[in-house]
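Starting from the given sequences, assemble the full structure and let the hints guide the process.
2 protein chains.
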Amino acid sequence: TEAQDAPLLTELLEPLHPADIADLLEQVGSHDRRELLRLYGPEMDGEILTEIDESIREEVIEQLPAEVLAEAVRELDSDDVVDLIEDLEEPQQEAILEALDESDRAAVEQSLTWPEYSAGRLMQREVVTAPAHWTVGEAIDFLRAEEWLPDQFYHVVLVDPGHHPVGYVTLGKVLASKRDVALASITEDSFRTIWARQEEADVAYAFNQYHLISAPVVDDDDRLVGVITIDDAMNVLDEEHEEDILRLAGVGDESSISDSVAETVRQRLPWLMVNLLTAIIASGVIALFEGTIERLVALAVLMPIVASMGGNAGTQTLTVAVRALATKSLTESNVWRVIRREAVVGFANGAVFAAVMGAVAWVWFGAPELGVVIGVAMVINLFVAALAGIAVPLALERLGADPALASGTFVTTVTDVVGFFAFLGLAGLVLL
Amino acid sequence: TEAQDAPLLTELLEPLHPADIADLLEQVGSHDRRELLRLYGPEMDGEILTEIDESIREEVIEQLPAEVLAEAVRELDSDDVVDLIEDLEEPQQEAILEALDESDRAAVEQSLTWPEYSAGRLMQREVVTAPAHWTVGEAIDFLRAEEWLPDQFYHVVLVDPGHHPVGYVTLGKVLASKRDVALASITEDSFRTIWARQEEADVAYAFNQYHLISAPVVDDDDRLVGVITIDDAMNVLDEEHEEDILRLAGVGDESSISDSVAETVRQRLPWLMVNLLTAIIASGVIALFEGTIERLVALAVLMPIVASMGGNAGTQTLTVAVRALATKSLTESNVWRVIRREAVVGFANGAVFAAVMGAVAWVWFGAPELGVVIGVAMVINLFVAALAGIAVPLALERLGADPALASGTFVTTVTDVVGFFAFLGLAGLVLL
Chain A
1 TEAQDAPLLT
11 ELLEPLHPAD
21 IADLLEQVGS
31 HDRRELLRLY
41 GPEMDGEILT
51 EIDESIREEV
61 IEQLPAEVLA
71 EAVRELDSDD
81 VVDLIEDLEE
91 PQQEAILEAL
101 DESDRAAVEQ
111 SLTWPEYSAG
121 RLMQREVVTA
131 PAHWTVGEAI
141 DFLRAEEWLP
151 DQFYHVVLVD
161 PGHHPVGYVT
171 LGKVLASKRD
181 VALASITEDS
191 FRTIWARQEE
201 ADVAYAFNQY
211 HLISAPVVDD
221 DDRLVGVITI
231 DDAMNVLDEE
241 HEEDILRLAG
251 VGDESSISDS
261 VAETVRQRLP
271 WLMVNLLTAI
281 IASGVIALFE
291 GTIERLVALA
301 VLMPIVASMG
311 GNAGTQTLTV
321 AVRALATKSL
331 TESNVWRVIR
341 REAVVGFANG
351 AVFAAVMGAV
361 AWVWFGAPEL
371 GVVIGVAMVI
381 NLFVAALAGI
391 AVPLALERLG
401 ADPALASGTF
411 VTTVTDVVGF
421 FAFLGLAGLV
431 LL
Chain B
1 TEAQDAPLLT
11 ELLEPLHPAD
21 IADLLEQVGS
31 HDRRELLRLY
41 GPEMDGEILT
51 EIDESIREEV
61 IEQLPAEVLA
71 EAVRELDSDD
81 VVDLIEDLEE
91 PQQEAILEAL
101 DESDRAAVEQ
111 SLTWPEYSAG
121 RLMQREVVTA
131 PAHWTVGEAI
141 DFLRAEEWLP
151 DQFYHVVLVD
161 PGHHPVGYVT
171 LGKVLASKRD
181 VALASITEDS
191 FRTIWARQEE
201 ADVAYAFNQY
211 HLISAPVVDD
221 DDRLVGVITI
231 DDAMNVLDEE
241 HEEDILRLAG
251 VGDESSISDS
261 VAETVRQRLP
271 WLMVNLLTAI
281 IASGVIALFE
291 GTIERLVALA
301 VLMPIVASMG
311 GNAGTQTLTV
321 AVRALATKSL
331 TESNVWRVIR
341 REAVVGFANG
351 AVFAAVMGAV
361 AWVWFGAPEL
371 GVVIGVAMVI
381 NLFVAALAGI
391 AVPLALERLG
401 ADPALASGTF
411 VTTVTDVVGF
421 FAFLGLAGLV
431 LL
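First to last, the protein sequences are chains A and B.
Just so we're aligned, residue 1 is where the first sequence starts under this note's numbering, counting upward by one.
Just so we're aligned, residue 1 is where the second sequence starts under this note's numbering, counting upward by one.
Rather than coming from a laboratory, the hints here were simulated on the basis of the structure.
One or more of the hints may lead you astray.
In the EDC-like style, the derived pairs of lysine to aspartate or glutamate whose C-alpha atoms are separated by at most 20 Å in a straight line are [unchecked claim]: (1) B:K178 x A:E54; (2) A:K328 x B:D151; (3) A:K178 x B:D20; (4) A:K328 x B:E54.
Covered stretches of chain A, going by a simulated chain B footprint (3 or more residues, C-beta under 8 Å) [said to hold, decoys possible]: (5) 205-211; (6) 232-240; (7) 326-335.
Think of the CB as a built atom: it goes at the ideal place given N, C-alpha and C, for glycine as much as any other residue.
Spelled out as structure tokens, the structure:
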């Protein structure tokens, strides 16, 4: 019965990590989710809320009693509250802000003044600092006396009198050094600050590239305003990858396994519509050669092969280019070398498949000229595919757009149009 | 002149982070790289070597004088040496192992006994431990006396007399507690151990899911053998993503921007060859209907649209499924619900595009029956695309293969074959 279900459920979920409880809520259907929340709602804590995917977060928050929600968010650090509320609708945001203490609310509202997806939104405001002239002993005494230390911190940040960060010391070094050692003498070379307005994707890149564990965040006047730790950066890196992979496939970049049918259709329809338009353009090219096909129907059989090979080769180049741009390994210094490489590779692959497919077409239809035509069309299309595969993402990047977005559609449109045109046009000239 | 170039280059590179110097070596052409190494080689340190991409690591190591290489690897931690040499050829491996001290060599050889891509290969062997009964004061005195502390560590791991890890304490807690506090009273709830034979992808997942910073690694007898830190896990996560995205595009998963033309052709040809075979199969389906096309050439114009829409819709579903499997959010508990959702979405999208494309075909060719045929074929193909998009990666996962690998080729083969068959078959039945 109902009265027994709630304690039983609580007992079952008790040993689970909040992240696993959140996964459970994401994986069940929306009906079961409502039931779960009704029974487990009163036990819901802030950590579970922060772990819940954005796609169902609003739905879950709506179903929680106001006092449970207030209790849950009061336990959280300011950066987690920011992460929790930044995508919520106005009334839900208000409700959560009102549940916070005066000082926490001020901290959260302050964080929300930084641009979306900036380091300022990502950072936690609680930083452990020490005057740059302190010794290890002074730092230890301070830490022992302090009440409000953050759950996780890895460095003591040294600041000058103007509260500008000037270096940091790992906790390991503090622990391993004698009390009279000056903090300034055991700072790390890896020290670098992050500007609060920097994009979070660049922050994640810096953490990954330079093996940072934590980095102080500074405002426009170079004053310390917070700290970003590697787990936040890892999270961003994970989201950026997710976004790239979903965008390359033409799926809305917020799609999730827990989305409803309507939500999923809404995300995917626009991309399929774009694809329909480009497919119609490619068909228009075929229509130009209706007369040619009528006279030699083998062309209709073979033409998708030329287009398909071009599409695949273009996608290969495109994917490598998008990744190289994302990891900053495609730069001014090597862009021409990479373009040249892709062009040569496209030509070489084209030559290989021209020979293979030329032979296949000759044998299949007993017409050597048909083999020659499809071979030449293959070389042209794979060469163009390589150029389009690298040029399209580069152009999108220059225009300030995400190269992962829509690149695939542009490239396959080019390879379809060029493939059909080259193959059918050549056939019209040579064979008829 | 030559004599001036070397010091000038050293001065230019001096302020750069080793990771940036490695990027520079990756981004220049192979000729420039040889020149750079000739001039800068003697300054090369171990950190730069570990940052260099695998694709050029062998080439770089070959060009370094033996004594420079020996010097460089002697500075490194054992896990970095393992990472450096595990993919090298036998003779190069030998050369590096010989350069190490007796004890370091033993440590590296020991690590190499763990399976490839396991936690045992990823971990560093240097762990800071304390008997479980120690106080904060005893731990601090021990750390101050110890000579060999690792560069980066975040926890003191508590061990029992059998050297089994039983908990850990963050350095922050050690620093913030009085000397007489028992370490056992300030341990973290997040404590979990990792089995040395566990796959590194699962390790990365655990770090990301449970927000771990470091985790002790245990052998088959649950004894502590090393520790994995979050920066290693972040690296693995990054590589796993890279692999997924490249595999989905049918690009060799070790492809890199610094690969030569020959290397690039070698990686991409096999996938294009697979695609050629599947394209020929699809063409075979068209060939079955040559007679139909001959009598109504509009079919040749329209058929690529049906195939293309199916391919795109299938790729959308596929990508979402591959990501969901990688993030463990597609599980036994929700697999049927997700399959049902995809089927309904496929049907709904099919219905929308049936209406749109049916109308276009009617207007374009002035034949309402042609509109009906392409509409019905569209519904069939988008429905099948959805099912194939989820079934293929699930099947590959069940068979123990990577779902990202080859999924795309299977799915587009299905959508091409079904698309051509449905459209041309129906046309043959209805229109002629």
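Right, here's what the structure says about each hint:
The straight-line distance between the Cα atoms of K178 of chain B and E54 of chain A is roughly 42 Å, outside the 20 Å bound, and the hint therefore fails. Restraint check for K328 of chain A and D151 of chain B: not satisfied, since their Cα atoms lie roughly 28 Å apart, outside the 20 Å limit. Proposed proximity of K178 of chain A and D20 of chain B is contradicted: the alpha carbons are some 35 Å apart, above 20 Å. A distance of roughly 17 Å separates the Cα atoms of K328 of chain A and E54 of chain B; the hinted pair therefore holds under the 20 Å criterion.
Coverage of the stretch 205-211 of chain A by chain B holds in this model, with 5 residues showing a Cβ closer than 8 Å to a Cβ of that chain against a need of three. Using a Cβ-Cβ cut-off of 8 Å, 5 residues of the stretch 232-240 of chain A lie near chain B, which meets the minimum of three, so the contact claim holds. Restraint check on the stretch 326-335 of chain A versus chain B: 6 residues with Cβ-Cβ distances below 8 Å, three needed, restraint holds.
Violation of the numbered hints given earlier is confined to hints 1, 2, 3; the remaining hints are satisfied by the structure.
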